[in-house]
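Student: Given the coordinates of chain A, work out where chain B should sit on it, guided by the hints.
Listed here are the chains, written in short residue letters.
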Amino acid sequence: AQSVTQLDSQVPVFEEAPVELRCNYSSSVSVYLFWYVQYPNQGLQLLLKYLSGSTLVKGINGFEAEFNKSQTSFHLRKPSVHISDTAEYFCAVSDRSGGSNYKLTFGKGTLLTVNP
Amino acid sequence: DAGITQSPRHKVTETGTPVTLRCHQTENHRYMYWYRQDPGHGLRLIHYSYGVKDTDKGEVSDGYSVSRSKTEDFLLTLESATSSQTSVYFCAISAGQGPNQPQHFGDGTRLSIL
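The listed protein sequences correspond, in order, to chains A and B. For what it's worth, our numbering labels the leading residue of the first sequence as 1, then goes sequentially. For what it's worth, our numbering labels the leading residue of the second sequence as 117, then goes sequentially.
The shape of chain A in the complex, shown without the other chains (with noise of 0.2 Å):
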């Protein structure tokens, strides 16, 4: 069964500082990784996905996320956070690992914080 491990249940940061929040997942097949973002009281927003292709993937409010299949990690980053970036960041994987369709398994969560 595929699962995601996301190392840091919290991750502290000061305002402008750079930001990584690390994810990484096991499954023998073909995947897929998201990454969504969960803003106090509200549902979850997809920030960004890699599919296939350059393993360098953009997405909205400034943050990139990297694909290495040899570590079997999708980590998160952020050049400068602001006060708004603060959330919940959920690492997600979608394959066909046991049945004929696709499952979204999420990750559990990363809280960043970002401080003035």
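I should point out that these hints are in silico values taken from the structure, not numbers from a laboratory. The beta-carbon is built from N, C-alpha and C at its ideal position, and this holds for glycine as well. There may be inaccurate statements among the hints.
Said to hold, decoys possible - When the alpha-carbon atoms are kept at most 30 Å apart in a straight line, the in silico DSS-like pairs for lysine-lysine are as follows:
(1) Lys103(A) <-> Lys127(B)
(2) Lys49(A) <-> Lys173(B)
(3) Lys103(A) <-> Lys173(B)
(4) Lys103(A) <-> Lys169(B)
(5) Lys186(B) <-> Lys173(B)
(6) Lys186(B) <-> Lys103(A)
(7) Lys108(A) <-> Lys127(B)
(8) Lys108(A) <-> Lys173(B)
To be verified - Sample of chain B residues with no beta-carbon within 12 Å of chain A, all distances over it, derived:
(9) Gly132
(10) Thr187
(11) Ser199
Tutor: Using the frame of chain A, we list chain B on its own:
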């Protein structure tokens, strides 16, 4: 924003009572999903639907049933609520089920079972 409305947004009820949560979409998307979100667990799939009257189980389906009689509505029912079902429930929709069809989420229903 995707046209997804979850109702109610908040509910408090007692153990043993039936509870139904509603997800309504205006996008005419074929696929609809119910997830629950719990601290330390991320989101876990309860049930999903791939068309009217077509549903299937997710990884945490025990204690839950679903129905989809119209494209736009997907209902999640707890036949006899238990305290372990206290959670935040999210509905999601997608136009297709492939990875190129990302899921869009509603704002959630916070359910407390006392």
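Student: So which hints don't hold here, by number, going up?
Tutor: Of the numbered hints given earlier, the structure breaks none, since each of them holds.
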